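K.L.:
For chain A, the structure is supplied; the task is to place chain B on it using the hints.
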Amino acid sequence: GAVVSQHPSRVICKSGTSVKIECRSLDFQATTMFWYRQFPKQSLMLMATSNEGSKATYEQGVEKDKFLINHASLTLSTLTVTSAHPEDSSFYICSPISGDRVTEAFFGQGTRLTVV
Amino acid sequence: GQQLNQSPQSMFIQEGEDVSMNCTSSSIFNTWLWYKQDPGEGPVLLIALYKAGELTSNGRLTAQFGITRKDSFLNISASIPSDVGIYFCAGRSRGAQKLVFGQGTRLTINP
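Residue numbers (this note's numbering), protein chains in the order written: chain A, 6 to 121; chain B, 28 to 138.
By construction, these hints were calculated from the structure, which means they are not laboratory data.
Keep in mind that this is a model prediction, so the values were computed, not measured.
Any given hint could be a false lead.
As the list claims (entries may be wrong) - Taking lysine-lysine pairs in the PhoX-like style, the calculated list, with each CA pair at most 20 Å apart, reads:
no.: 1; chain 1: A; residue 1: K69; chain 2: B; residue 2: K125
no.: 2; chain 1: A; residue 1: K46; chain 2: A; residue 2: K19
no.: 3; chain 1: A; residue 1: K19; chain 2: A; residue 2: K71
no.: 4; chain 1: B; residue 1: K125; chain 2: A; residue 2: K60
Isolated chain A (complex conformation) (with noise of 0.2 Å):
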């Protein structure tokens, strides 16, 4: 399988901070990169999705302007939650899909934020 590394794996950071999160694909180019947001015992939610050297397209109900999110490159993507809240606390993940291996898809290990 691909070979993502996304960090940090753990963070927490207080109310009204910034934090960001990185995604790596090392073996491969991500033309794009999808984020997710999973809350505990839940299936993973998407909330965005960006392809390389483009903006990010967002999913209904998340705000843009709150979870920023950069494709600069084909094997880094950034997820920055901008002035972090309590209810921002959740499990966060990368999965990065190469344009010839868009029938597979692998994921990042996963970012855990509490905020406090």
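P.N.:
Then chain B, alone, in the frame of chain A:
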């Protein structure tokens, strides 16, 4: 958003037993994927299915792509403690990049 109907939601079994779970959809998919997620980790791809009727194995795991393209099942034979976790099915429609996920099946094994 759209979700697949995955069942059962949870299973409590004895070590050594076989396990079966399935997913159904109201729409047709061209790809079915099965994942396992351990606590605090991202999902790990177990089996990918691309053709209707396809039956694919990965060790003790076997999955099938339903003939109608609207369902898939995953079987685990002779379960062991490390099989504990949450299993998700995911489907993708023709031409789509997004995956649609099932609600997950939480597997607990009593030694």
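K.L.:
Could you run down the list of hints and mark each one as holding or not?
P.N.:
Hints, verified against the model:
Restraint check for K69 of chain A and K125 of chain B: satisfied, since their Cα atoms lie roughly 19 Å apart, inside the 20 Å limit. The straight-line distance between the Cα atoms of K46 of chain A and K19 of chain A is roughly 25 Å, outside the 20 Å bound, and the hint therefore fails. Note on K19 of chain A and K71 of chain A: the hinted pairing holds, with a Cα-Cα distance of about 15 Å set against a maximum of 20 Å. About 17 Å separates the Cα atoms of K125 of chain B and K60 of chain A, which keeps this hinted pair within 20 Å; it holds.
The structure fails to meet hint 2 from the earlier list, while all remaining hints are met.
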